[in-house]
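Given these sequences and hints, build the entire structure.
For the sequence shown, my numbering begins at 5 and goes up steadily by one.
Hints are computed from structural coordinates only; laboratory data are not their basis. Be careful, since some hints might not be right.
Simulated crosslink set (EDC-like; lysine to aspartate or glutamate; CA at most 16 angstroms straight-line) [to be verified]:
(1) K20 - D102
(2) K32 - E130
(3) K51 - D63
(4) K20 - E122
(5) K51 - D102
(6) K35 - E130
(7) K20 - E130
Ranges between beta-carbon positions, derived for each pair [claimed, not checked]:
(8) E130 - P17: 16 to 26 angstroms
(9) I139 - A64: 24 to 34 angstroms
(10) V97 - A64: 27 to 37 angstroms
(11) S19 - G61: 25 to 35 angstroms
(12) A64 - H37: 29 to 39 angstroms
(13) I139 - T66: 12 to 22 angstroms
(14) H37 - P108: 29 to 39 angstroms
(15) K96 - R50: 33 to 43 angstroms
(16) M5 - D63: 35 to 45 angstroms
Glycine included, each C-beta is placed from N, C-alpha and C at the ideal position.
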Amino acid sequence: MINIIVNSDPRYPISKLGIQATVLEILKQHKVHGNLEIGVAVVGDRKMHEINKKFRGQDASTNILTFAIEDPVSSSNLQHIRNVGFVKAPDKVLRLGDIMISYPQVVSDAALEGVSIEEELRFLVEHGTRHLLGIHHE
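Below, the structure is given as structure tokens:
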């Protein structure tokens with residue numbers, strides 16, 4: 005079972021079903037299946053700025069951040085790490101991680117690229133999902 009959790013501020017007019025469908029499409033393209041979970045959060049610039057500064061040291065907003073939780077290549081080898089307490093989930097669900105997208109940045113990027121907001125959001129969801137699968141750009 006694939007569980008895609010989408011959270012968004014209600015003031016952002018997004019299609020949660022559209023985001024879920026995009027994630028599922030990328031997983032299918034890469035033949036990824038089984039018990040797994042991915043989170044997608046659509047946030048504002050203030051929150052994105054805060055997270056970007058905290059985790060990347062960048063004092064600015066950005067359009068997307070991804071946070072991988074488990075490496076899908078070696079997830080079967082996860083074990084307890086002393087003083088950290090990280091163990092493979094007992095429910096056998098592979099939690100790939102979270103994608104965080106700034107809606108104001110999506111609007112801005114869409115205008116610059118000459119595409120719809122929906123197209124830009126889809127592009128970023130595809131991009132983030134690939135990152136969680138370990139597929140990175142140059």
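Hint-by-hint comparison with the structure:
Proximity of K20 to D102 is assessed by CA-CA distance (about 15 angstroms); at most 16 angstroms being required, the pair is judged to hold. For the given pair, K32 sits about 12 angstroms from E130 by alpha-carbon distance, which is consistent with the 16 angstroms threshold. About 12 angstroms separates the Cα atoms of K51 and D63, which keeps this hinted pair within 16 angstroms; it holds. The suggested pairing of K20 with E122 holds, with an alpha-carbon distance near 11 angstroms, which does not exceed 16 angstroms.
For the suggested pair K51 and D102, the alpha carbons sit about 15 angstroms apart, so the restraint of at most 16 angstroms is met. The suggested pairing of K35 with E130 holds, with an alpha-carbon distance near 15 angstroms, which does not exceed 16 angstroms. For the proposed pair K20 and E130, the alpha carbon gap of about 14 angstroms is at most 16 angstroms, so the pair holds. The hint said 16 to 26 angstroms for the Cβ distance between E130 and P17, and at roughly 20 angstroms that hint holds.
Checked against the hint of 24 to 34 angstroms, the pair I139 and A64 passes, with Cβ atoms roughly 25 angstroms apart. Our hint of 27 to 37 angstroms for V97 and A64 holds, since their Cβ atoms are close to 34 angstroms apart. About 33 angstroms separates the C-beta atoms of S19 and G61, a value consistent with the hinted range of 25 to 35 angstroms. Separation of A64 from H37 is about 37 angstroms and conforms to the stated range, judged on CB atoms against 29 to 39 angstroms.
For the pair I139 and T66, the beta carbons lie near 19 angstroms from each other, so the given range of 12 to 22 angstroms is met. At about 34 angstroms, the CB distance of H37 to P108 agrees with the hint of 29 to 39 angstroms. For K96 and R50, the Cβ-Cβ distance of about 37 angstroms falls inside the hinted range of 33 to 43 angstroms, so the restraint holds. As the Cβ distance of M5 to D63 is approximately 40 angstroms, the hint placing it in 35 to 45 angstroms holds.
Hint compliance for this structure: every hint is met.
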